[in-house]
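> One letter stands for each residue in the lines below.
Number of protein chains: 2
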Amino acid sequence: MDNERIARAALSRLMEPQDAAGLALVQAAGAVDALRIATGQLAPGPALEREITELLAGIGGSTGWGGMAAALKRWAPRIPDLAPERDLATMARLGGRLIVPSDGLWPAQLADLGIHEPICLWWRGLEQQLPGASSCVALVGSRDSTSYGASVTGDLGYSLAQRGFTVVSGGAYGIDAHAHRAALAGGSGAVPTIAVMAGGVDRFYPSGNEDLLRAVCNQGAVIAEVPPGSAPTRYRFLQRNRLIAALSAVTVVVEARWRSGALNTAHHAETLGRAVGAVPGSVHSANSAGCHRLLREGGAVCVTDAAEIAELAAPSGEALTEPRTGPGAVHDGLTLEDLILLDALPLRSTSSVDKLCAVAGLGAESVRAGLGRLGLLGLAAAERGGWKRARESS
Amino acid sequence: MDNERIARAALSRLMEPQDAAGLALVQAAGAVDALRIATGQLAPGPALEREITELLAGIGGSTGWGGMAAALKRWAPRIPDLAPERDLATMARLGGRLIVPSDGLWPAQLADLGIHEPICLWWRGLEQQLPGASSCVALVGSRDSTSYGASVTGDLGYSLAQRGFTVVSGGAYGIDAHAHRAALAGGSGAVPTIAVMAGGVDRFYPSGNEDLLRAVCNQGAVIAEVPPGSAPTRYRFLQRNRLIAALSAVTVVVEARWRSGALNTAHHAETLGRAVGAVPGSVHSANSAGCHRLLREGGAVCVTDAAEIAELAAPSGEALTEPRTGPGAVHDGLTLEDLILLDALPLRSTSSVDKLCAVAGLGAESVRAGLGRLGLLGLAAAERGGWKRARESS
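Chains V and A are the protein sequences, given in the same order.
Position one of the first sequence corresponds to residue 1 (the numbering used here), numbered consecutively onward.
Position one of the second sequence corresponds to residue 1 (the numbering used here), numbered consecutively onward.
A hint or two may mislead.
Identical copies look the same in the list; a pair holds intra-copy or inter-copy alike.
Unchecked claim - The calculated lysine-lysine pairs, modelled on DSSO-like cross-linking and capped at a C-alpha distance of 30 Å, are: (1) Lys388 to Lys355; (2) Lys73 to Lys388; (3) Lys355 to Lys73.
Everything labelled a hint here was simulated from the structure, so no lab data went into it.
These numbers were taken from a predicted model, which means no experiment stands behind them.
Isolated chain V (complex conformation):
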């Protein structure tokens, strides 16, 4: 077992997700030396300090994390608890593994997070290649979903999985659970669905979703950036959302209140330049207010079915939806004059050319030529020396 892997396993317990100073340290010193510095075995030299300061300045100073000195104090209380070999053994016992960015199995699209790329991923499920961004769609939304949200999520998750997409969500109650369940039902490909957890993957949380998450494990993947035993705190939920967004080409918010964690996921997707879709709903439903907010304020696209989502996921033009055609109207493609003439034709009685000229406001030549065209289209019929409409054509 290589040092890099063990170091990252330990660092993921030492630092909260998106600990800016910690991520800068890992980037500047590498994971192995970063762990030695973080645990006080090695002192950071002035050159390294400078590099870290520059990295931190580059990502915006006011991250609330302070510099290296504060970071070392922050990490110190957790040093006694470090036991990366034990954590890795736990994962192996659960049929899982740890992956790090240098692994072949690492989802390449996470690199788009830049310095905020996770240190490692703890992964339960089959050992298989996770799909690239263009095959992943995040379906997210409220825990307290309505029957409308449940039904739409069910349709979307099933249809997306049937089209070979991997449905990414957060394993929570409500929209998340409906998304995973529908993807498992519809999945034909290798990884129908991925659950990205805010807490450790040793526990299937929330407990009401235990069976569902076990099924996700068996067919897809359950992953987290925090090590086994970590509680799913509010902070970790918010950071977890960036992973859902980064894994997926499109993040679709199915139902969300005006304030909702799902909007946070959508904002992560926007920041990454990924597409955001929002499902419209009743203006009377508080659970759609967040979706409508995204349509108004954000760059979200209104999506109503899986085909429209697939279109967003595809490199431009590759998966254009079939142009939807309503019931074709008989008057499509008529010239203005012929349309006016058609309107002037009586339904039951017949009308002379002279009368049609006056009613339609058209010259006799236009009327005669138009009657010929409408006759060919089966819209006008000659009868007893006059003309009438051949069939109802409203």
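Fit chain A to the given chain V structure using the hints.
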């Protein structure tokens, strides 16, 4: 009664709405001479012919109307029916009038239609100034509205009228009727609602809306560009839609199928550079498919209440909606570290500073300072030498 008025009254019977050759003739020769040319009393000189040809070329040649020669033939059959004085007398008897672009009562915003500005308007209702575009909102949609569409239109129409807006619609069944009715109920200002008809205003069409349209007449206005006695043909419905769009600062489509006349009104509004709003609805409702189509394809803005529509109607920034605030979460505004610390505080038992350092992954100084801040906010409480959460704050 001046010649200009009589000429325009006659021309509006001679020509269908948006008869390009006719409009060009009126623009080039003036209404009085245009009528004399159209009725064969005066021959157009070569200079006039050239001017008309240029005007027609300027608005795009393929209008399907042909040139002047074709136009003269088109108009000829209707000449015997011309009786503008009788039409004007009819309007006077109905308590109405004819207005022409040079009148003070002419809605100035119709000039944005350019050459497609109507020749005149036949108007039933009180003689009063019609509001400018910035006070007019068009509410349009399907005839076969759902209960959802009815309810949303009722809310919007009433609230817009209460805010002093004039609700413009087409007098049809469904969304149109709900819009007029709600505006009449909510109207406090001078003109709560305007019905723009596709046929003559002598008849209240459809007959099921007769009482409603009479009420619109009594409090607002019922107008049309076609003279009394004109049937509401399909062609005239499509042309009428441009007037609804041109009168209003915003055109809102409340409910529309994938193919719907309401979308035609929205496209007129877009062409005029006016704002278009679309009300979202269930993805399962065929009656919202047209609205969602506008949100996806057109430049329509998602609107869910009257305030959002008022914002679209206002010159930028004047009527910004109040920032909507959801139920404020106690953790709003906390720093990342304090948020993590709050998550680490036990709900029932208490925890020591050392324990909190390990659980939260924070240095002792940060924990002590954070506990002080959380204590001041009433989120943390000291008890028996330890700390706990002061109240539930999920």
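> Are any of the numbered hints broken by this structure? If so, which, sorted upward?
No numbers; nothing is violated.
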